[in-house]
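S.K.: Taking full-length UniProt numbering, I'd label the letters of the sequence shown as residues 1 to 186.
These are computed hints drawn from the structure, not numbers from a lab. For every residue, glycine included, the Cβ atom is placed at its ideal position computed from N, Cα and C. One thing to keep in mind: the hints can contain errors.
[Said to hold, decoys possible] Here are the computed distance ranges between Cβ atoms for each label pair:
hint	residue 1	residue 2	range
1	Glu105	Asn164	50 to 60 Å
2	Thr170	Cys34	51 to 61 Å
3	Leu26	Ser79	50 to 60 Å
4	Thr106	Thr134	52 to 62 Å
5	Thr45	Gln71	52 to 62 Å
6	Glu54	Ala152	42 to 52 Å
7	Gly122	Trp53	56 to 66 Å
8	Ser136	Ser79	49 to 59 Å
9	Asn32	Leu77	25 to 35 Å
10	Thr112	Glu160	24 to 34 Å
11	Ser103	Glu52	51 to 61 Å
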Amino acid sequence: MPSIRSLHQVRASRDSAKGLINISELSCFCVNCCHHMYDQCSNSTKTGGYTEWEMMREYRADAQENEENEQVSLQELVSVGQLVALYTDDDEEEYYMLKVEKSMETLRIDTTDSWGSLLPAGTPVFRGLYYNKTNSPFQYRLVNRKAVVPAASVVYICSEVTANNVIRITEETHLNVLECINEIKC
Numbered sequence: 001m002p003s004i005r006s007l008h009q010v011r012a013s014r015d016s017a018k019g020l021i022n023i024s025e026l027s028c029f030c031v032n033c034c035h036h037m038y039d040q041c042s043n044s045t046k047t048g049g050y051t052e053w054e055m056m057r058e059y060r061a062d063a064q065e066n067e068e069n070e071q072v073s074l075q076e077l078v079s080v081g082q083l084v085a086l087y088t089d090d091d092e093e094e095y096y097m098l099k100v101e102k103s104m105e106t107l108r109i110d111t112t113d114s115w116g117s118l119l120p121a122g123t124p125v126f127r128g129l130y131y132n133k134t135n136s137p138f139q140y141r142l143v144n145r146k147a148v149v150p151a152a153s154v155v156y157i158c159s160e161v162t163a164n165n166v167i168r169i170t171e172e173t174h175l176n177v178l179e180c181i182n183e184i185k186c
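Based on the provided sequences and hints, a complete structural model is requested.
M.R.: Here it is, written out as structure tokens:
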């Protein structure tokens with residue numbers, strides 16, 4: 001409502017469900033107004049009475065643009081100590097699991113990890129430890145070999161799983177990871 005700061009009293013109207021309010025430029029605290037009998041106000045000649053006003057929802061085009069600009073990438077949400085699922089083109093694995101040991105960084109030089117993966121300078125990466133699948137469904141065991149992975153390969157943050165030496169994810173988490181991977185492939 002324009003000039004809202006110049007108003008002294010705003011109250012709900014009987015038709016407030018329709019978006020109507022009553023406004024007054026001066027407040028009144030007579031006995032009748034204090035008992036919500038505004039139509040019997042003893043000072044209406046001094047306060048000017050109430051005017052009914054229709055509330056309008058404000059729509060600003062730039063509000064939506066600001067929200068879009070403030071979106072955070074999945075990689076920026078990853079914290080040290082978390083378990084993340086990684087996209088892979090390995091035919092034998094649907095995805096890899098990694099315990100994140102260092103915050104996202106950008107490589108200054110070409111880097112090769114303990115697994116023989118070469119990543120060029122300028123690549124945003126996470127450093128951590130991989131998990132290998134065990135014979136039990138949805139169970140993984142930590143492998144104590146350093147890994148450096150492109151930050152862009154993170155497809156899912158397993159926030160509901162504590163990154164211990166042996167982890168078990170739920171079938172629901174597994175399906176969520178696969179759904180995220182399918183979105184990338186499409």
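S.K.: Next step is simple, just say for each hint if it's right about the structure.
M.R.: Hint check results:
1. Look at glutamate 105 against asparagine 164: about 25 Å separates their beta carbons, and that is not inside 50 to 60 Å.
2. Look at threonine 170 against cysteine 34: about 58 Å separates their beta carbons, and that is inside 51 to 61 Å.
3. Our hint of 50 to 60 Å for leucine 26 and serine 79 holds, since their Cβ atoms are close to 54 Å apart.
4. Range check, threonine 106 to threonine 134: Cβ separation about 34 Å, and the 52 to 62 Å hint is violated.
5. Range check, threonine 45 to glutamine 71: Cβ separation about 55 Å, and the 52 to 62 Å hint holds.
6. As the Cβ distance of glutamate 54 to alanine 152 is approximately 50 Å, the hint placing it in 42 to 52 Å holds.
7. Roughly 58 Å separates the CB atoms of glycine 122 and tryptophan 53, a value that falls within the hinted 56 to 66 Å.
8. At roughly 27 Å, the beta-carbon separation of serine 136 and serine 79 lies outside the given 49 to 59 Å, and the hint is violated.
9. Under the hint 25 to 35 Å, the C-beta atoms of asparagine 32 and leucine 77, about 56 Å apart, miss the expected range.
10. The hinted window of 24 to 34 Å between threonine 112 and glutamate 160 holds, with their beta carbons roughly 33 Å apart.
11. Distance hint check: the CB atoms of serine 103 and glutamate 52 are about 56 Å apart, consistent with the given range 51 to 61 Å.
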